[in-house]
Amino acid sequence: MAIKDKDLIIGIKNGNMVAIRHLNRCFFPKIRHLVFKNNGTLEDAQDVYQETIFAVFVNIMNPEFKLTCSLMTYFYSIARNQWKLRLRERKYKTVEFDENKYIDEGDNNPIVWEFNKHRKYQIYKKHFENLEERCRKMLELCNDGMDFKKVIRILKIRSGNYAYKVKHLCMQKLIEMIENDPEYKSIISEEDENE
Numbered sequence: 001m002a003i004k005d006k007d008l009i010i011g012i013k014n015g016n017m018v019a020i021r022h023l024n025r026c027f028f029p030k031i032r033h034l035v036f037k038n039n040g041t042l043e044d045a046q047d048v049y050q051e052t053i054f055a056v057f058v059n060i061m062n063p064e065f066k067l068t069c070s071l072m073t074y075f076y077s078i079a080r081n082q083w084k085l086r087l088r089e090r091k092y093k094t095v096e097f098d099e100n101k102y103i104d105e106g107d108n109n110p111i112v113w114e115f116n117k118h119r120k121y122q123i124y125k126k127h128f129e130n131l132e133e134r135c136r137k138m139l140e141l142c143n144d145g146m147d148f149k150k151v152i153r154i155l156k157i158r159s160g161n162y163a164y165k166v167k168h169l170c171m172q173k174l175i176e177m178i179e180n181d182p183e184y185k186s187i188i189s190e191e192d193e194n195e
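In the working numbering, the protein residues as written are 1 to 195.
No false leads were mixed into what you were given.
Think about it this way: if two alpha-carbon atoms lie no more than 25 Å apart in a straight line, the pair counts; the simulated DSS-like pairs of lysine-lysine are: (1) Lys126 / Lys165; (2) Lys150 / Lys165; (3) Lys165 / Lys137; (4) Lys66 / Lys30; (5) Lys137 / Lys126; (6) Lys66 / Lys13; (7) Lys6 / Lys30; (8) Lys13 / Lys173.
Computed beta-carbon distance windows for the label pairs: (9) Glu129 / Thr68: 31 to 41 Å; (10) Glu183 / Lys150: 27 to 37 Å; (11) Ile10 / Arg80: 23 to 33 Å.
No wet-lab data here; the hints were simulated from the structure. Every residue, glycine too, gets a C-beta built ideally from N, C-alpha and C.
Starting from the given sequences, assemble the full structure and let the hints guide the process.
See below:
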């Protein structure tokens, strides 16, 4: 039985297991196909799906959220972007380049880009270490690709909905700390000037 997007969104907001099972049954095969088609594994597909579910859940919980396309299109576009990021990261790690070739090309060269990427990572690490221990553990386990049910058991959280809320709040806190970091603002300002 098909569930209308509006009912599905209400179900997701309310933590309705029928809605969540419907997402899994109807949306995961499409994500798996996308990932397999681009040389990914089942584990990749599961990771992308979990990240997509989380992003959709966070967005839907925002009171200002307004769906302007079908939920499937919205879901698929987030998953596609997540997968593209993963592919880009993998490709980037295997690409080598001659640093001297780029030295005189100004701020848009790969060396400056890589340096800024490293600076951002250091900022992330600094603020990640400043999170409460429970938040750090939650985000570490999720980033390691651990099944969310197992994360809930390890952290001794009784409700799946509450666990998602904790994860969301932890991520929100980390993002807020990073975005308020003066060095991060400086990097972003430099990048905006060079676009």
